[in-house]
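Please build the complex by placing chains F and X on the supplied structure of chain U, with the hints as guidance.
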Amino acid sequence: MARAVTPAHKATVTFFAWAIGLLIFFPILWTILTSFKTEAEAIASPPSFVGFDWTLENYSTVMERSNYFLHFLNSVVISVGSTLIGLLIAIPAAWSMAFVPGKRTKDVLMWMLSTKMLPPVGVLIPIYLIFRDTGLLDTRTGLVIVLTLINLPIIVWMLYTYFKEIPVDILEAARMDGASLRAEIIYVLTPMAVPGIASTLLLNIILAWNEAFWTLNLTAAKAAPLTAFIASYSSPEGLFYAKLSAASTMAIAPILVMGWFSQKQLVRGLTFGAVK
Amino acid sequence: MATQHSKSAARFMISPAVLLLLGWMLIPLSLTLYFSFLRYNLLMPGTEEWAGLLNYRFFLTDPAFFDAIWNTLLLVGGVLVITVVGGVLLALLLDQPFWGQGIVRILVIAPFFVMPTVSALVWKNMFMNPVNGLFAFLAKAVGLEPFDFLAHAPLSSIILIVAWGWLPFATLILLTALQSLDSEQLEAAEMDGASWMSRFFYIMLPHLARAITVVILIQTIFLLSVFAEILVTTNGGPGTATTNLTFLVYAQSLLQFDVGAGSAGGVVAIILANIVAIFLMRMIGKNLDA
Amino acid sequence: MGRIVLEKVTKSFGDVNVIPPLDLAIEDGEFVVFVGPSGCGKSTLLRLIAGLEDVTSGRITIDGRDATELPPAKRGLAMVFQSYALYPHMSVRKNISFPLKMAGLDPAERNKRVEAAAKVLNLTDYLDRRPGQLSGGQRQRVAIGRAIVREPAAFLFDEPLSNLDAALRVNMRLEISELHNSLETTMIYVTHDQVEAMTMADKIVVLRAGHIEQVGSPLELYRNPRNLFVAGFIGSPRMNFISGAEAAKHEAATIGIRPEHLAISKTEGIWKGTVGVSEHLGSDTFLHVHARELTQEPITVRSDGEIDIYHGDTVFLSPQEDKVHRFNQEGLRLS
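Residue numbers (the working numbering), protein chains in the order written: chain U, 1 to 276; chain F, 1 to 290; chain X, 1 to 335.
Keep in mind that a hint or two might mislead.
Unchecked claim - Pair ranges (Cβ atoms, derived):
| hint | chain 1 | residue 1 | chain 2 | residue 2 | range |
| --- | --- | --- | --- | --- | --- |
| 1 | U | F261 | F | W50 | 48 to 58 Å |
| 2 | F | L33 | U | V77 | 32 to 42 Å |
| 3 | X | N163 | F | G102 | 57 to 67 Å |
| 4 | F | I69 | U | E39 | 33 to 43 Å |
| 5 | U | L84 | F | R282 | 27 to 37 Å |
| 6 | U | V77 | F | I275 | 58 to 68 Å |
| 7 | X | N163 | F | R282 | 36 to 46 Å |
| 8 | F | L33 | U | S180 | 38 to 48 Å |
Please keep in mind that the hints were generated in silico from the structure rather than gathered at the bench.
Idealized CB from N, CA, C, for every residue including glycine.
Bound conformation, chain U alone (with noise of 0.2 Å):
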């Protein structure tokens, strides 16, 4: 709104808004600040804010003892490349439906996000067993291939939608040329797409990431991402604030960043277009 707002007005926002921010991300920065203690500070009683003897500990701790590096790991390779995966099969797809559409197109792309809402529960038993007898219990494999279905709708979904604002005529031109099909999606639509393919990649990675009902059923230890490492400390004898803490921040940490980067891109992808 090009609108004049009173001084006064605009500072009453201002210190509602940033008490309101900064009481809903007090946890995640209590746990920041949390890493950095030792663990005696870390139960102390008053609690301290900052006045505390910065430590690094934790983190050198966590990941001496715990393997952590491997389930960092694991939570890379399940959250990338699932997405990777995802993305190879899903934009030719979305090429089909956003140029090619035909009678049915409408119906294909409602019928793969129904896929999406089926409750992961429903699925869970025969999902175990089938891993069970193939020996894809607790690998990367497995759960490369589930969150790679689980998403594939999304991934669809939104590159479809961007693909949709380029015009066609842009592709027919690029026809016109000489262009053959691999031509045109390579030096014409990807490039074009190129900040919807980004966005699309950045939001699947978040969401295999924080997955966590296919992570914490389909593995053990071996294949175990940060979700499910994580969840191991619930157990009373891991019950350490501050190595907990460290461990929370350096499972977190990259996600934050990763989802500041692509907000705006969020609505579009969480709501596949009902809202803009």
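Chains F and X alone, transformed into the frame defined by chain U:
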């Protein structure tokens, strides 16, 4: 642009996605359905036999089932109320000009990116723990007895934890919708003498109605499947106080190894989710035409 | 070279028949304009020639070679789109050289051709800009540049001027005509604007509902429109039609007389009427005369710019007898 050439190329390029999703949907679904009619326990392999509707009878007469349904509804409803009301208020606040908009936006969105197991553990230990948690400290500071949240108000605590993660989602979507409201409409209403309250109720809220519906439907789909938060904090307990349908099916099949009854529960969960999905799909489908 | 022949070409979308069987021959070097109201199938026809749509049946040959089944890339045609369809992520230079890159030319040769085209089109100073930084007319020229570097058998234009403002449109019209004069390549041009058709074409194809109503040079169509539709579509302001008793005097169901073939006088003439709106353009005056005994529609008269007749005046109109067009009951021309 539709030549035979491009049409056949299109069919070829869409088929991997369609075939994979078709397999992903049909194979496990039909297996779940099939198992739900079997007497099938993982501890007694080889003894599977046709059980008819026995699993459904067992599952549907299990008192835990009704607790689970009730808990599921409370969990979904509670989180929805908090996130929608809080989201509308927050969106209204953040839509106004103030200093540091970008940073506050980032702060508010952050919880959405925290993985469920982390948020559950942080809340459980560092905030709700009756001895060392921050809430206990605050209670003691004002002279109150510390409250053991997860023991005495387990479901409400889980609702709080889950709502914290979804509030950013609701806020972000409602804020986006609010920003798409034509400011001339509001100015016209102001010229017509509408007060802030009437502008909110007659113009902003109707404009937000669609976004609110989308938020409710999408969150419902995800909230029906809340799992990690429960597993990490209460393990469904005390008793069945925090067992929702998803957790019950998990416990039935992977803890008690009763695949038959677990599958029957899975079928019930699918039916429940489908009721919501139908409404959601209709809305998205309508938007696809526009 | 660019002789394009359509034989019994049809196109249906599902059950809807857009182009009924149609035959048309476009000679090498001709400037052919497809003109008609929106929805008449002219753009579809162009896309069939381009290969962006399949024909449902029939045959298209380009220079004697059957092109019916060829994909657009293999037909050796170039197209300029209504939206220009420039590649937004490429500079003007890369846009123009894209077809050459697809054809596998080496970079040096590409550059030479791009520079030459840019010189012709006055784009030399803009070669390193992106399309987004150009004005509408410049984008149009880039689109044309992209088409000419390929040295195609024929150019296809799909309403290329409709996104430009009026003054620029007149300029571009001239530029395209000049381009045709210098290249002498076949051009097929689609428009709904009969002025563009009249000013640019060697041959006009008037289309309605997928049918060819008439094919001919601009003046042929102007002088001898084959039916009421063509008569009404070609010429501006449009022809006046009178039916009933007055037409019967000419032994026709309907007669048509162009505004410029009516003489107007305050004192004497054949038809009497009252002036309604008069539009004084300076060079010309268009008078809309109500003569209710003849027709309910006002009769448009084109007169010289300085004429001293205004709203409400009683006037007399006299058609030039040899310029009266006669049509029968079916709307066909009687000669």
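Q | Range agreement (Cβ of G102 (chain F) with Cβ of N163 (chain X), hint 57 to 67 Å) | A | Check failed, 37 Å falls outside 57 to 67 Å.
Q.
Assuming the hint says 32 to 42 Å, is it satisfied by the Cβ distance from L33 (chain F) to V77 (chain U) or not?
A. holds (33 Å)
Q: Confirm or reject the claim that I69 (chain F) and E39 (chain U) have a C-beta distance inside 33 to 43 Å.
A: With a Cβ separation near 42 Å, I69 (chain F) and E39 (chain U) satisfy 33 to 43 Å, so the hint holds.
Q) At the C-beta level, are L84 (chain U) and R282 (chain F) separated by a distance inside 27 to 37 Å? A) holds (33 Å)
Q: Given the range 48 to 58 Å, decide if the beta-carbon distance of F261 (chain U) to W50 (chain F) lies inside it.
A: The hinted range 48 to 58 Å holds for F261 (chain U) and W50 (chain F), with Cβ atoms some 54 Å apart.
Q) Range hint 36 to 46 Å: satisfied by the CB atoms of N163 (chain X) and R282 (chain F)? A) Check passed, 38 Å falls within 36 to 46 Å.
Q: Could you say whether the range 58 to 68 Å given as a hint is met by the Cβ separation of V77 (chain U) and I275 (chain F)?
A: 37 Å Cβ-Cβ, so the 58 to 68 Å window is violated.
Q.
The hint says 38 to 48 Å between L33 (chain F) and S180 (chain U); measuring C-beta to C-beta, is that right?
A. holds (46 Å)
The structure shown violates the earlier hints numbered 3 and 6.
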